[in-house]
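Each residue of the sequence shown is one higher than the one before, starting from 29 at the first, in our numbering.
Worth flagging that the hints you see were computed from the coordinates, not collected in a lab. One should not assume that every hint holds.
Simulated pairs of lysine to aspartate or glutamate, DMTMM-like, Cα-Cα distance not exceeding 20 Å [as the list claims (entries may be wrong)]:
| no. | residue 1 | residue 2 |
| --- | --- | --- |
| 1 | K189 | D105 |
| 2 | K115 | D105 |
| 3 | K76 | E136 |
| 4 | K177 | E34 |
Please read these numbers as outputs of a predicted model, since none were measured by experiment.
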Amino acid sequence: AAKRLEAVWERQVCQTLPTLRLEHVLLQRLIYKHGNQHRRKPNLMALKELQLHMDALLRADLRAMGAQLQLACSTLDTIQDHDTRCKVVSLGCGVLTGFGETLRVVEERVRRAAVAISQQIAHTFFLPMHLAAFAALSRCLRLLAGMRKPIRPFTQALLSKRTPQPPAVTTQTQQHLQPSPLPAPDFRPLDDELASHRRESAASSGGEDFDGSRFLEDLFGGPIRDVRRDAERPQPKRTRREPTTPDYCAEAAPPPAKR
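When you get a sec, could you build the whole thing from the sequences and use the hints?
And the structure:
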C-alpha cells in the first residue's frame, strides 16, 4: 500500500511540476512584456500576486514531502505505543493539511486573476494578451486540481492505522481536505495548442491584430523556445544578500589615515 501511495504521489504531483513550471514561465513573460503598459491595472496586479504564490509552490521540495508521508504510512504498522502512533498520524495529517491549504491559496489566486482578466475581455481590451493569460490560467487550474488527488488516499491510509482514540487534528483535517468539485473540460497541452496555432497561422494570411506567424513572438517578447529553456532551467535558491558598497562609493572614499 505504501508503494502504491508513493507511485500516486510521483504521478500526480512530481510529474506535474515541469508542466506547471512552464505555465509559470509563460505568465512571467506576459507580465514582463506588457507590465509597463498595464502596470496599474487590476488584472496585471492579480497576475503578479499569482506569480509570487506559484513561485513559492514550485520552490517547495514536494518529492521529499511525499517520501516523508510514505515513510510515516509504512512505519505505523510497526509502532505499538499509543502516544507515538497518535503523534505520527497528527504530523502526517498536518503535512497534508499544509499542502492542501497551499494548493487552495494558489487556486484562489488563479480564480481572482481569471475574474480580473474576464472583465477586460468583456470590454474587448487587448484581446491577444488577455486570451493568452486566460488560457494559461485555465491550464494551471487543471494542473492544481490534479495535484490534489493524492491527498485523500494518504489521509485515508493514515487515519485507517490510527488507534480507536483519534488525535484532535483528524476531524479538522478531514473537513479541510475535501477537494472542491471542478468541471472536466477538454485539457489540451501547450504543445497541441502551439501546433494548432501554427496550422491556423499558416492557413490564414495574417490579420490586422495577429500579424501571422509572429504573433506568439510579439506576445511573449521572444520565440517560444526561450520559454521552454527558462522552464527547464533549475530554480535558484533564495539567499540573503549581504550589504555591499558600490564601486563609485569605494572610489570616492578617502584612504585610511596612517597612524
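Status of each hint after checking the structure:
For the hint linking K189 to D105, the alpha-carbon distance of about 7 Å falls within 20 Å, and the restraint holds. Taken as a hint, the K115 and D105 pair is honoured in the structure, with Cα atoms around 14 Å apart against an allowance of 20 Å. The suggested pairing of K76 with E136 holds, with an alpha-carbon distance near 14 Å, which does not exceed 20 Å. Restraint check: the Cα-Cα separation between K177 and E34 comes to about 13 Å, which is no more than 20 Å; the hinted pair holds.
Checked against the numbered hints listed earlier, the structure breaks none of them; every hint is satisfied.
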